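Trainee: Each chain, letter by letter, is given below.
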Amino acid sequence: MSGITRIAIEEWRLWLRSRVVIAAALIVAVLIAATTVLTMNRIADEQSQRIEQQVAAEQTFFAQPDRHPHRMVHYGHYAFRPPPALAVFDPGVDAVTGQSIFLEGHRQNTAMFADTKAAADLGGFAALTPASLYQLLLPLLLIVLGHAMFLRERESGTLAVLLAQGQSGVRLAVGKAVALLAVCAIFMVPLIAVAAYSISMGESALTAFSLVAGYFAYLCIWAALVLAASIILKQRAVSLGALIFVWLFAALIVPRFAINASSAVIDAPGKIESDLVMLAEQRKLGDGHNAADPAFMQLQAEVLEQYNVETIEELPINWRGVVASYSEAELTELLNSYAEERMGLEASQSRLFGLFGLASPTISISAASRTLAGTDIATHHRFLRESEYLRFGFVQALNEKHVTDLDYTVDINRNTSPEASRRARINADAWEVLDEFRFVPDSANERLNRALLSLTILMGWMLAAGGLVYYSAKRVRL
Amino acid sequence: MVKSLIRETRFLAKDRGALFWLFLAFALSVIAVSFGILEVREQRQTIATLIEEDTADRINALQGQEDWGSAAYYAFHLTYSAPSDFAFAAMGQRDSSPWKHRVRMLALEGQIHEADTRNADFGLVGRFDFAFLAASVAPLLLILLLYDLRASERTTRRHDLLVATAGSSGSLWFPRAFVRVVGLALLLLIPLWIGAVVEGTAIALTLQASGIVVGSLLVWWLIVEMVSRINASASVLLTSLIGLWLALAIVVPAVSKAAIEAANPVPDGGEILLLQRETVNDAWDLPKEATMKPFVERHPELKPYEDIPDAWAWKWYYAFQQVGDQVTEPLVQQYRDARLARDSQATTAALFSPTSLVERAFEKLAETDATSMIVYEDNVREYHAELRAFYYPLMFPDEPYDSALLDDLPVYAPES
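Protein chains in written order, with our numbering: chain X, 9 to 486; chain A, 97 to 512.
Misleading hints may appear alongside valid ones.
Said to hold, decoys possible - Stretch-level coverage of chain X by chain A, calculated; a stretch enters the list once three of its residues show a Cβ under 8 Å from a Cβ in chain A: (1) 204-216; (2) 259-265; (3) 354-361.
What the hints assert, rightly or not - Have a look at the derived ranges for each label pair, beta carbon to beta carbon: (4) A:Ala-355 <-> X:Ser-176: 33 to 39 Å; (5) X:Arg-359 <-> A:Leu-257: 38 to 44 Å; (6) A:Thr-145 <-> X:Ile-59: 38 to 44 Å; (7) X:Leu-366 <-> A:Met-322: 21 to 27 Å; (8) X:Ser-56 <-> A:Pro-426: 25 to 31 Å; (9) A:Ala-509 <-> X:Tyr-315: 50 to 56 Å; (10) X:Ile-30 <-> A:Phe-107: 33 to 39 Å; (11) X:Ser-56 <-> A:Arg-112: 41 to 47 Å.
Claimed, not checked - Part of the chain X face toward chain A, derived, beta carbon under 8 Å: (12) Leu-24; (13) Asn-49; (14) His-114; (15) Gln-116; (16) Met-120; (17) Ala-221; (18) Ala-225; (19) Val-273; (20) Ala-276; (21) Lys-279; (22) Gly-474.
Hints in this document: simulated from the structure, not taken from any laboratory. Keep in mind that this is a model prediction, so the values were computed, not measured. By construction, the Cβ of each residue, glycine as well, lies at the ideal position given by its N, Cα and C atoms.
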């Protein structure tokens with residue numbers, strides 16, 4: 009048995025004899041197990057529920073009776089975002105954003121009914137997830153276990169003996185590190201189980217593995233910091249106090265401070281604010297409901313010339329449909345440009361937030377974790393983009409039916425009598441234009457790419473913390 | 097007593113460890129308060145801009161309208177909930193619940209659930225505001241300040257000598273801890289008081305908030321005091337105290353939250369929208385009486401105009417918009433009741449967690465708690481009802497359109 013393993017085993021023997029350590033480890037283990045089971049159940053429920061709702065929404069749409077096509081534009085449709093497989097570990101922003109969105113003509117709605125809006129408010133930490141336990145609680149456990157692992161030898165006088173026997177400070181530190189890393193490895197088991205479960209649910213092995221690796225790196229960083237403190241500082245209480253301070257700073261203060269800072273530095277106007285600016289522009293475009301609006305005069309001239317006729321009544325197509333289709337396209341372009349600007353600003357806020365990872369590894373791991381799990385804000389933005397694409401698709405397809413399948417004269421006379429209104433309808437087969445929508449997470453590569461910066465910062469932390477251990481262990485004297 | 101306090105203050109001035117924690121508390125408080133004020137100012141600025149642009153937009157929208165129906169269709173109205181003069185200390189629900197809307201006279205249920213909230217990361221991580229500092233961080237700082245008062249003397253082997261010479265152990269430890277607690281409380285509160293003066297917060301409110309902070313520090317002091325009577329090493333004491341903090345600040349709130357939410361399910365919000373949409377859309381194909389009957393039941397004064405002879409009329413259109421709202425009322429009520437029930441149970445549950453209690457108390461004072469957000473929603477509903485009450489008597493009897501009358505359109509005036 010080499011000296012290093014002997015040192016590590018000795019450390020474990022001491023831990024197993026300490027009631028405080030056993031109690032702390034057990035409590036953390038129970039918390040992780042309970043939270044994981046609860047989150048897993050909840051997410052699995054939500055997932056099947058959302059998929060069912062999506063299918064139901066499509067079937068209701070197809071089942072609508074014969075109608076005027078523009079009625080279906082306003083009848084609208086729903087897009088749902090089922091949580092990805094790894095959301096069982098890190099549900100991310102899903103609780104804050106709401107996971108369904110109503111799609112209709114002429115409007116881009118926001119995702120509604122976020123869980124947080126109806127949540128019981130018990131303060132900052134009440135929403136426990138497996139991810140937050142790994143980010144907040146496991147570092148504390150490592151601190152409790154390891155804050156005295158090196159200086160204990162100093163206190164009890166065994167350090168002198170060990171050094172005199174020819175053990176170097178570095179070898180001693182490696183032995184202690186092995187012991188602490190074994191703890192980290194044991195606590196990775198629940199995460200590995202969750203990762204395996206998610207792979208069985210269709211998650212890519214690459215992302216699941218990266219998530220596990222990222223959290224292991226995060227725990228290694230804390231293990232190294234703890235070990236370094238126990239080497240550098242000479243008193244237990246001081247070492248424990250200093251480490252608690254580092255934890256307080258990295259896990260509680262910096263992340264929230266980073267939120268304050270990124271919201272103060274980059275001002276992202278809300279939707280209402282940018283909508284107001286946009287509405288003024290929209291008015292210049294004309295109202296798609298009113299085909300006699302002057303803004304459409306030029307369009308009218310072009311279409312009449314194209315078909316070589318004098319009046320819109322003579323057109324072989326339905327002029328009102330042309331107007332609806334034209335103004336929807338114009339409006340959507342405008343809406344999208346504002347939506348993109350807003351999402352761009354939010355994305356830069358989140359990027360700035362991610363850079364604060366340089367001050368706290370907790371930020372880096374949480375950002376990487378959300379990204380890898382597919383529950384980050386970028387995924388939410390993609391959901392908004394894809395549901396907008398779906399919206400534009402079915403609205404324009406219905407407008408196309410309006411142009412080709414409904415006679416203009418019948419259409420403008422639709423309000424003259426109930427009979428006329430019944431005639432101004434098209435066959436319900438036309439509703440089949442709605443595309444099937446199944447929101448899926450980004451590809452593994454894409455997510456990994458997006459998480460790269462945070463993961464790199466995490467690696468930087470690991471090198472720095474490892475270097476600190478090596479440097480201080482090398483200088484160990486009596 | 098005064099003498100021993102002066103003595104302990106002198107000791108404290110030389111204790112670099114303690115001074116560090118105290119300075120940290122002060123710095124964090126300054127940061128929390130100044131970011132809070134910055135954010136509140138920005139929100140007020142946003143509201144001021146919105147009011148201006150909203151008015152301009154409405155004037156523009158109403159120009160050239162020729163009937164009441166189109167006027168009501170094209171004119172949007174801003175509603176908002178301005179941050180209170182204490183909101184800088186606790187942003188609470190304002191990051192995750194909407195506090196501004198633009199509504200018009202269509203079915204309200206399709207509009208009121210729109211969430212114009214900030215970046216979702218903000219709501220997820222939360223802000224570093226004073227409430228968070230006072231509720232979660234301050235207890236940790238207090239623990240770090242007090243845990244080794246006795247144990248450090250034991251380590252230096254002066255403990256027994258000190259106890260023996262001091263006469264009573266109370267006169268020895270009490271002043272020492274008292275000076276630290278008072279120091280921490282003052283350093284936390286001074287920036288808050290300055291912030292309150294800058295923001296013009298009512299003095300009674302500031303006093304209440306200060307009382308909450310002091311009260312919570314006293315509770316934590318008591319906890320530390322009980323634990324440190326155990327004859328154990330400083331690091332074991334600190335470990336136990338951190339364990340207690342974890343239990344009270346994280347485990348108890350998380351367990352209560354999970355239990356409360358399981359016990360009070362909220363109806364799926366999507367159901368409200370779905371029902372409203374189906375009702376409004378079905379109305380197009382139903383005979384007009386099917387809409388007008390439930391409508392005039394709610395508005396008996398409009399009974400004379402119940403018959404809609406035309407194939408299409410604005411009054412019928414707005415009637416089925418309202419019927420869409422009427423049909424969803426039971427669901428909406430359920431949703432609202434469940435939120436309120438969750439909130440009131442959270443009030444009880446918070447009694448078992450000092451951190452939840454402090455945070456909730458601050459949100460209540462700052463009017464950023466769940467109840468205040470519901471009050472805002474109620475205000476929006478009330479305003480929307482005023483809009484209907486304005487247009488219906490003009491629209492239903494077919495009063496001739498007169499744009500001058502629109503100067504009397506109800507204006508959203510939040511009760512503060």
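Trainee: It remains to establish, for every hint, whether it holds in the given structure.
Mentor: Hint check:
Look at the region 204-216 of chain X against chain A: 0 of its residues bring a Cβ nearer than 8 Å to a Cβ of that chain, fewer than three, so the hint is violated. Chain A is given as covering the region 259-265 of chain X, and this holds because 5 residues of the stretch bring a CB closer than 8 Å to a CB of that chain, at least three being needed. With 4 residues having a Cβ less than 8 Å from any Cβ of chain A, the region 354-361 of chain X passes the three-residue criterion, so the hint holds. Taking the beta carbon of each, Ala-355 (chain A) and Ser-176 (chain X) are about 54 Å apart, not inside 33 to 39 Å as hinted.
Range check, Arg-359 (chain X) to Leu-257 (chain A): Cβ separation about 59 Å, and the 38 to 44 Å hint is violated. A beta carbon spacing of about 41 Å between Thr-145 (chain A) and Ile-59 (chain X) agrees with the range 38 to 44 Å that was offered as a hint. As the Cβ distance of Leu-366 (chain X) to Met-322 (chain A) is approximately 40 Å, the hint placing it in 21 to 27 Å is violated. Roughly 27 Å separates the CB atoms of Ser-56 (chain X) and Pro-426 (chain A), a value that falls within the hinted 25 to 31 Å.
Checked against the hint of 50 to 56 Å, the pair Ala-509 (chain A) and Tyr-315 (chain X) passes, with Cβ atoms roughly 54 Å apart. With their beta carbons about 38 Å apart, Ile-30 (chain X) and Phe-107 (chain A) fall inside the hinted range of 33 to 39 Å. Between Ser-56 (chain X) and Arg-112 (chain A) the beta carbon distance is about 58 Å. The supplied range of 41 to 47 Å is therefore violated. Because the beta carbon of Leu-24 (chain X) sits about 17 Å from the nearest beta carbon in chain A, more than 8 Å, this interface hint is broken.
Below 8 Å, beta-carbon pairs count as interface contacts, and Asn-49 (chain X) has none with chain A, the closest being about 11 Å; its hint is therefore violated. Interface hint at His-114 (chain X): violated, since its Cβ lies 12 Å from the closest Cβ of chain A, which is beyond the 8 Å cut-off. Evaluation of the Gln-116 (chain X) hint against chain A yields a violated restraint, the C-beta minimum of about 11 Å exceeding 8 Å. For Met-120 (chain X), the shortest C-beta to C-beta distance to chain A is roughly 5 Å, which falls under 8 Å, so the interface hint holds.
Here the hint on Ala-221 (chain X) is broken, as its CB sits about 23 Å from the closest CB of chain A, past 8 Å. About 21 Å separates the beta-carbon of Ala-225 (chain X) from the nearest beta-carbon of chain A, more than 8 Å, and the hint is not met. A least Cβ separation of about 11 Å between Val-273 (chain X) and chain A goes past the 8 Å threshold, and the interface hint is therefore violated. The interface hint given for Ala-276 (chain X) is met, as the beta carbon of that residue sits about 6 Å from the closest beta carbon of chain A, less than 8 Å.
Satisfaction of the interface hint for Lys-279 (chain X) is found here, the shortest Cβ-Cβ separation to chain A being roughly 5 Å, below the 8 Å cut-off. Contact between Gly-474 (chain X) and chain A, as hinted, is not supported at the beta carbon level, the nearest pair being about 25 Å apart and thus beyond 8 Å.
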